[in-house]
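Novice: Here's the letter readout for the chains.
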Amino acid sequence: MKIFALQGDQIIRKLDRGIAGNLESATNLVIAGSHSSPHTIRGNVLMRMDGDVLLVRVELDTTIEHAGRHQNTVLPAGDYEIFSQRERGGNGDHAVED
Amino acid sequence: MLTKLGGRQLELLTSKRDEWIKIGSSTERMNFPAARAAIERGYRNAGKNPPKIFLRLDGPWHALIARSLIASGKIGAQVIAQVRAQVSDQVLDQVLTQVRDQVSGQVSGQVIAQVRDQVRDQVSGQVSGQVIAQVRAQVIAQVSDQVRDQVSAQVSGQVRDQVLDQMSAQVDAQVSAQVSAQVIAQVRDQVRDQVRAQVSDQVLDQVIAQVDDQVSAQVDVELQYPNFYGSHEGGWWWGLSYYETMRDLGVTDASCMDPWFDAARECGWCWIYWDIAIVSDRPSMCLLDDRGRLHCSGGPALEYLDGTQVWAWHGVRVPKRVILEPKSYSSEEYRSLPAEHRRSLGEHAGWSWVLDMLGSSPVSVSIADGLSYELIRCSDGSQYLRMQSPILQDGSQPSYLEPVHEGLKTAAGARKWRVARDSDGRWWTPEECESDPSLSLGQHT
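Protein sequences, first through last, are from chains X and Y. Under my numbering, the first residue of the first sequence carries the number 1, and numbering increases by one thereafter. Under my numbering, the first residue of the second sequence carries the number 1, and numbering increases by one thereafter.
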């Protein structure tokens, strides 16, 4: 199994097939950690939530920054899906709550 | 048209960035008269009459309570005792006194006469505190009718947007897009990252949590975001650090925002309306680590005089208990914490203490991409993966403990289990991860 990138608990997978359906524009999109240390895609992207997965279209090369902790992740133009790693919890497995 | 920045202009960007970060970190008491005067000038610059009433509160929580008291109209005599039981006397008294004092010249003569007559009648006998409170409450009840409908109509559309449009037009006409982008990147965005992301967003989250937690039936504290973040405004919506830099780079006819630059230097968060402005103080304490993140290992990292506190560990807002009593957590309580809180607790109390508290023993070790992974089994059968982090921004490489499935047998399988998910959303089982633990990461940060 090959994964494009991990940044902290965030899994970033590159999609070979483009994202189908409507997308909304967003600037400096916070993808996780909005209540602690935010992971932020710098610049303008197109995005949509699909369940617990964030679908993102990056049209210009950019980075994902993490406030004050993890190093930047390089994000070339392309389509991606982003979701949290999982952990074992009292009521079964769930996405890491950042 | 300004198309390129030279040496002194580049120095200006640095000094403006540092100045607005310093403004955003200020813990000086607000200068209320100066803030009020600046806000009044801001209204006049936009061609509007300034608010008639200015309320001065000790912090954002008291400001929100004050706003809700006025908006609800629940400061009449009938409920004042109940309200008193549920919100602090301090804030209630502040609101009542300030509103009363400021509207005394504005409410109708009839109301004043009525109140005066009642006071005269009643003080001729025995003046009890209760009577005074009732009279005051009646004044406020009538006054609040005048102002309570106004606190939902914020001025942003007609004051803020107007001056921003005016200033933006001047900048667009006089500064190239390239220089504008440079100022955004080197001033505004850095102020935003430091002041907004590290301080004001944390305060906002704390206040939101307090609103969610409050259970008052009489005065529901409604969350309404400030429309002027005062000392934190350098990197917020108004982007004051950007526009002040543009002004000082020589953009002409840019004085429309001067009052707001001044106001930001004098006060904290504000809720400004057409006839009333609620002005709150700056934090009384703000402690940062060497990377500019809110942090204190022995107390609140940020505090307001209204009692609002933010407890934080290297930028992560955590429960007070994680800071003051980290070793009081049971294994069950530890497991129920969000991941960032577990990590903060582990760093604060020490991972060896956490492992002892969980009654753990090692099961399996592996190395992948130069990082060590250790599967650990606890006395209750639960398992954790201890993972070495990639090198962080500060050069450290801490280890974390993450709960994993009890059916896993190897560290490599546990590493795979945390990330292995098919394109249709199905997560792999522990058995699948053990049979194929291979995992290739393009980037790991």
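Careful, some of the hints might be misleading.
[What the hints assert, rightly or not] A few chain X residues that don't get close to chain Y, going by computed Cβ distances all over 10 Å:
hint: 1; residue: K2
hint: 2; residue: V58
hint: 3; residue: H70
hint: 4; residue: V74
[As the list claims (entries may be wrong)] Calculated pairs, EDC-like style, for lysine to aspartate or glutamate (alpha carbon to alpha carbon, straight line, at most 16 Å):
hint: 5; chain 1: Y; residue 1: K4; chain 2: Y; residue 2: D248
hint: 6; chain 1: X; residue 1: K2; chain 2: Y; residue 2: D172
hint: 7; chain 1: X; residue 1: K14; chain 2: X; residue 2: D93
hint: 8; chain 1: X; residue 1: K14; chain 2: Y; residue 2: D422
hint: 9; chain 1: Y; residue 1: K48; chain 2: Y; residue 2: D275
hint: 10; chain 1: X; residue 1: K14; chain 2: X; residue 2: E59
hint: 11; chain 1: Y; residue 1: K4; chain 2: Y; residue 2: D172
hint: 12; chain 1: X; residue 1: K2; chain 2: X; residue 2: D61
hint: 13; chain 1: X; residue 1: K14; chain 2: Y; residue 2: D436
hint: 14; chain 1: X; residue 1: K2; chain 2: Y; residue 2: E303
hint: 15; chain 1: Y; residue 1: K22; chain 2: Y; residue 2: E40
hint: 16; chain 1: Y; residue 1: K22; chain 2: Y; residue 2: D189
hint: 17; chain 1: X; residue 1: K14; chain 2: X; residue 2: E81
hint: 18; chain 1: X; residue 1: K2; chain 2: Y; residue 2: D275
hint: 19; chain 1: Y; residue 1: K48; chain 2: Y; residue 2: D161
Since the hints were derived computationally from the structure, they do not count as laboratory data. A virtual CB, placed ideally from N, CA and C, is assigned to each residue, including glycine.
Novice: Each hint needs a verdict: does it hold in this structure or not?
Specialist: Quick rundown of the hints versus the structure:
no.: 1; hint: K2; result: 4 Å, violated
no.: 2; hint: V58; result: 14 Å, holds
no.: 3; hint: H70; result: 5 Å, violated
no.: 4; hint: V74; result: 7 Å, violated
no.: 5; hint: Y:K4 / Y:D248; result: 15 Å, holds
no.: 6; hint: X:K2 / Y:D172; result: 46 Å, violated
no.: 7; hint: X:K14 / X:D93; result: 24 Å, violated
no.: 8; hint: X:K14 / Y:D422; result: 13 Å, holds
no.: 9; hint: Y:K48 / Y:D275; result: 11 Å, holds
no.: 10; hint: X:K14 / X:E59; result: 13 Å, holds
no.: 11; hint: Y:K4 / Y:D172; result: 14 Å, holds
no.: 12; hint: X:K2 / X:D61; result: 21 Å, violated
no.: 13; hint: X:K14 / Y:D436; result: 21 Å, violated
no.: 14; hint: X:K2 / Y:E303; result: 46 Å, violated
no.: 15; hint: Y:K22 / Y:E40; result: 25 Å, violated
no.: 16; hint: Y:K22 / Y:D189; result: 15 Å, holds
no.: 17; hint: X:K14 / X:E81; result: 7 Å, holds
no.: 18; hint: X:K2 / Y:D275; result: 60 Å, violated
no.: 19; hint: Y:K48 / Y:D161; result: 13 Å, holds
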